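Taking my numbering, the leading residue of the sequence shown gets 11, the next gets one more, and so forth.
These are computed hints drawn from the structure, not numbers from a lab.
Hints may contain errors.
[As the list claims (entries may be wrong)] Pairs of lysine to aspartate or glutamate, EDC-like flavour, derived with a Cα cap of 20 Å:
hint, residue 1, residue 2
1, Lys76, Asp44
2, Lys14, Glu25
3, Lys125, Asp39
4, Lys52, Asp39
5, Lys76, Asp39
6, Lys54, Asp68
7, Lys52, Asp68
8, Lys110, Glu122
9, Lys49, Asp68
10, Lys112, Glu122
The structure presented is a predicted model; accordingly, all values stated were derived computationally and were not measured.
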Amino acid sequence: MNAKEVIPMRTTLEELLNHPQPATPMRTDNSTADGIMNKTVKQKASKSMDMRFYWVQDRVQQNQLKVLWVPGEINLADYQSQVQPTSVHRALRPIYLYEKGKSPATLQGCDEILKSLVRGTKPVTPLLARTAQQQHLTIPRGTNFTAV
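Please work from the sequences and hints to get the whole structure.
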């Protein structure tokens, strides 16, 4: 989701529920962008800096957004920006196209599919993952599930 789209949603939730919202996490696989947004890296050439970065940087300082670095393997944006082998297309298909019993119900389900690609294991189906999480179960790595 675009950073500018999330701010009105946050404001609406705060006003309707009268409940302060925690900073909304944003992922990036660019460590330099992460450093600039969180002011942990000093930029040298401010001329080339786009005004959008300053807007996001201000929102981070106001504790509305939280920019987090994540490796490219588990970043959904990398899928469209790089050439991928057939196995990756097949594994990520449930994220982009609905497949009954395979498509994740939450973004956390997407993370499980992406992490399984990195580990080389089959992804846990969203229903089983949700059930395990609700019951605080630990699913051993490499466990295979069959659809019922």
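Here's how the hints hold up against the structure:
1. Note on lysine 76 and aspartate 44: the hinted pairing holds, with a Cα-Cα distance of about 10 Å set against a maximum of 20 Å.
2. Distance hint between lysine 14 and glutamate 25 is fulfilled; the C-alpha atoms sit about 18 Å from each other, no more than 20 Å.
3. The hinted pair formed by lysine 125 and aspartate 39 meets the criterion: a straight-line CA distance of about 15 Å does not exceed 20 Å.
4. With a C-alpha separation of about 18 Å, the suggested pairing of lysine 52 with aspartate 39 holds against the 20 Å cut-off.
5. For the suggested pair lysine 76 and aspartate 39, the alpha carbons sit about 14 Å apart, so the restraint of at most 20 Å is met.
6. In summary, the hint linking lysine 54 to aspartate 68 is supported, as the alpha carbons are separated by about 19 Å, within the 20 Å threshold.
7. In summary, the hint linking lysine 52 to aspartate 68 is supported, as the alpha carbons are separated by about 15 Å, within the 20 Å threshold.
8. Proposed proximity of lysine 110 and glutamate 122 is supported: the alpha carbons are some 17 Å apart, at most 20 Å.
9. Distance check on the hinted pair: lysine 49 and aspartate 68 sit about 10 Å apart at the alpha-carbon level, within 20 Å; holds.
10. For the proposed pair lysine 112 and glutamate 122, the alpha carbon gap of about 12 Å is at most 20 Å, so the pair holds.
Hint violations for this structure: none, all hints satisfied.
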